[in-house]
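Start from the sequences and build out the full structure, keeping to the hints where you can.
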Amino acid sequence: MALELELVSPFDIAKDFVLSVQEYTLLSLQSLGNFFRRPLYMADMLQQADLIGFGSLPIVVLTGLSVGALLALNSASTLQRFGGITLIGQLVSIGMVTELGPLITGLMVAGRNASGMASELGSMIVTEQIDAMRALGTDPSKKLVTPRVGATAFMLFFLTIIADLLGLAGGWAVAHFLFGLDTNQYWTSAWQILVFRDVFTGLIKPVLFGFIIATIGCYYGMSTRGGTQGVGRSTTQAVVASSVLILVTDFFVTKLIFAVLGVR
Amino acid sequence: MSAPTLPLDQPAPKPGEPSGFAIGFENVCIAFDEKVVLDGVSFRLPHGETKALFGIAGSGKSILLKLAMGLLRPDSGRIWMLGEEVTRMSEEELFALRRRVGIVFQESALFDSLKVWENVAFRLVEEHVPDNEIESRVREVLRFVELERTYDMLPSELSGGMRRRVAIARAIITQPEVLLYDSPTAGLDPVTSNTIVELIMKQRDVYKTSALMVTHRLQDAFTMATHEFDRKSNQMATIPKGQRCEVPLSFLILRDGKVIFDGDAHELATSRDEYIREYIS
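These protein sequence lines are chains A and B, in that order. Mapping the first sequence onto our numbering, position 92 (from 1) lands on 73, and the numbers just tick up by one. Mapping the second sequence onto our numbering, position 131 (from 1) lands on 244, and the numbers just tick up by one.
Hints are all accurate, no fakes.
Label-pair distances were calculated between CB atoms; the ranges are:
id, chain 1, residue 1, chain 2, residue 2, range
1, B, ARG252, A, PRO20, 22 to 28 Å
2, A, GLY211, B, MET266, 26 to 32 Å
3, A, VAL229, B, GLU261, 51 to 57 Å
4, B, GLU253, A, ILE(-6), 53 to 59 Å
5, A, PRO20, B, MET266, 23 to 29 Å
I should point out that these hints are in silico values taken from the structure, not numbers from a laboratory. No residue lacks a Cβ here, since even glycine has one placed at the ideal position from N, Cα and C.
This is how it looks when you write it as structure tokens:
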């Protein structure tokens, strides 16, 4: 079978990109606006919170522990060379709370839930279930998008706290059992190094990441075209786009907080 | 061509006009990319009448139903539904109008993660109807489509015909003023098709609901033209030949995006248009 390649003009690609950004922005704004419009689907929001929050707990626990332990393990040898092994608690604490905790949790939840949302809503699109919902007089944006956005932002906040804590615990396990650091010394230094700016940075990020994960997942799901193949494409695109956007947002949020609250 | 003239000489129904038509299309055009699907479609559906829509695959029949519901916007032209101009309404305003209309999609479009009763009760739950009333109304409407035993089942556990009947139950639970059926008997065996035609007839004759029915099966429409629902025997009965003109059923045929026929069964049967004659033969 001959493979036919169709050349698309750069102008059309740019136009499609701008249109996608516009549609994504509208969906995001609408999902936020729906919090102030009736009906607010609280039962759906709780169900999503359960699916996203408790469902993601095992991977968040495992990655939190592993990242904390790896951070301690990789930095310990360098610190030991300069006689600064006692600083390991500070290093793990700052690293986990300000950066790695929110980032790793965000990426894990993006992989698990942005794909889930895109495939679920995408399947509903191709089987006309979204049209049926609109025909039954229900706004899919209120019923499907807003509960997912609210639940992801809310649950990612708490999942990140859990990941931070377990990261610190993983770091302690390495520092204590492999390098013989005193438990009290580790936890005191880890606690004392943290200032308001660190905690604020570490807790504002998951809310933004949660918003990105849910809106990107829902956007790709709701814009699915082309049957089951289209659902697969949307799922992949949702994971890639949300992961990239999380990394980019992370950089700019950190830069903004540095600019506003000052560098440590 | 001998297709009867369209009733366009009648004034268009004004928004809010109670005596207006159930559905009105005026010069509606829609195209996707370069392909023109509907090109100047105009027709009226009077209250209480069922209009059967015919046309070859891809002639825009399903698009026409979605346009009537405001699920799609036409490129030009005007559409009225129950006295409201759909083409001028915002999505938010359309949600309120759609609650007065029921639609049965071609592939049923049941919510696959919800049980049968949850699918049927969807609108009632949205309207915060008390739980006990929801249960009784769902059971009543499932009894109407003879599927009460599927109450707790998932759509994936049902056959194609059963899913179609559940979709009908979901559409009629709030007793809408207009019903839109998208190929309700497509791909079904003759017995199941007959059951569904009987349900549509029951809705027409018992509840006097206006309806637009897209179909490929001419025999379904002719059954509806020659039968009526008998409440006493709870099944359809043949109408004597002399009384068939009283049946509130009309036919509309689409070809190349245009309406080529809009009239009753008698006019269709006596049409001299070659395409129509070939279509009905």
